[in-house]
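One-letter residues, chain by chain:
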Amino acid sequence: MPDGLVAVVKRDCSTCEMVAPVLRELAAAKPLTVYSQDDPAFPPHVKVVDDTNLDVSDALDVEIVPTFLRVADGKIVGRTQGWKRDEWRSLSGVAGLGAELPEFRPGCGSLTQEPDIAARLAARKSEMQMSSRRIQLGEREDPIETMYSRGWSDGLPLVPPTPERVARMLTGTSRAPADVLATVPPDLAACTVEKVAINAVMAGCLPEYLPVVLAVVEAACTDEFNAHGVLATTMAVGPSIVVNGPIAAAIGMNSGVNALGQGNRANATIGRALQLVIRNVGGGKPGGVDRATLGNPGKYTLCFAEDEAGSPWEPLAVERGIPAGTSAVTLIAVEGPRVVVDQKSRTADSLARSLAGCLRTVWHPKLAQTCDVLLLISPEHARVFRADGWAKRRLRDELITLLTSPGDELVAGYGGCAEGMPPRFAGEHVPKFSPDSLWFVHAGGSAGMFSAIMSGWARGPGGSQPVTRAIKPWA
Amino acid sequence: MIILDPTNERGPRTRPRAPRLARLDGATLGLLDISKPRGDIFLNRLAGLLEQRGARIVRFRKPTFTKPAPQDLRQEIHAKCVAVIEALAD
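Heads up: the protein sequence lines correspond to chains V and F, in order.
All the letters of the first sequence, read from the start, carry residue numbers 121 to 595 under my numbering.
All the letters of the second sequence, read from the start, carry residue numbers 12 to 101 under my numbering.
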């Protein structure tokens, strides 16, 4: 920035037009540099520096034109905006400056403040920190088709991750784009915040979802959750994501009608973003390391919020050790949901029997202690447990009791069926589930006596364990 | 339009296959059980057949089939054996 006087103007501003003679007068008498935002020929008869790319205006944080500055030793020592005659006289040291002009006239908005331009400038700043490879598409290239042909898509169209969109996505976090968040399987690739942001854009996320997506990626890429195994297995499982805490409502997540279904942007795109990170950053694709025999539709996306306000019980994340009121995500590897229909039970005891009857069949009626299970209890079913005063623990204990069977009837070969438990279980009483494998979440529309069972994959340290992570707020 | 690369930007590296063993007699071979049911039945049979042909057999086992083999285990196999056979699944 040259020493002396500096003015930033644009032609499309009547106040700038008004001060043009003043600038001409100053240019003759003082060292003056004039930057024009929209027309290098304005103001006339003055040497003008072209700032149509707005580099200088942006660097000077110009909000209003004209902006008039005094610079000494490369530093701004005086600043005014619009036309304030006294201030212009004081900054310039010219006593009679603008005598023919009114005392005061407000300026106009700087071009840097126009929303689309401001977004482009913000992107430009943010882009300086981005290190991902930039791919220039041809003028007649359809970006959607290009992304398909590059193998980035899960089968559905992607939003093109332009630098502007990624920059906007990164405003959702205070973390630096280069921060390494996780090592993503199966390629064990270091994944930066920037790569998550790119995939979140492609998935259709809004910037305010990004803190949730970051927590989800961190949770998925733990040894406990074992995303490698969840991806690679021939079994039809994928990650389910339960969001708890105030962020769910803040970003408009659905925990009510059709909670597991289509139609909510946050639900749909957060789950999809994880899937795209594993696909694109981790390199995990169906037919490659993903060897699922059947897969399930939840592998596109399976993400929803818990209805905490209407629940008779503590939220899932609180049960798993997160302080109440703190937003968190919980990941559990599950199959698709199956519905439990019970429209007649009006006592907790009766309803527990319905749940137990349906739970008995997960994996196989003769297999026990295989998996974790996510149970979605709908409001009308929760009402029954609330009326009878059943806490989660009571329901869990009752289910374990109801689902304890003679090992003789479970062993391989019993009943003419080769599948079953190893022979050592003969003569024992075998509970279908361990106490720490049944996870209850309250969700769904207010009408309908339907709950859902989502059974999991191989449980414990040798398989996939549920993982809960607090969502780090923007800081 | 410019778009940003969503991948890990690694280039795949092509490596030649290890040369086939010229002879089994005297070779030390690893048999890796990934902890899937009945993998041991397959490997036991293989061990017998290979020992008949003069190979020395060292047995290894992954802690769980659901996760990649730990680094230490991979290095141990590499240090002790000239080749490894892995029983993938039941």
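If you're looking for bench data, these hints aren't it; they were derived computationally from the structure.
Check each hint, because a few of them may be wrong.
Said to hold, decoys possible - Mimicking DSSO-like on lysine-lysine, the simulated pairs with C-alpha atoms at most 30 Å apart in a straight line are:
| hint | chain 1 | residue 1 | chain 2 | residue 2 |
| --- | --- | --- | --- | --- |
| 1 | F | LYS78 | V | LYS592 |
| 2 | V | LYS195 | V | LYS150 |
| 3 | F | LYS73 | V | LYS405 |
Since this is a predicted model, take the numbers as computed values, not measurements.
To see whether the hints hold, each was checked on the structure:
no.	hint	result
1	F/LYS78 to V/LYS592	holds (28 Å)
2	V/LYS195 to V/LYS150	holds (17 Å)
3	F/LYS73 to V/LYS405	holds (24 Å)
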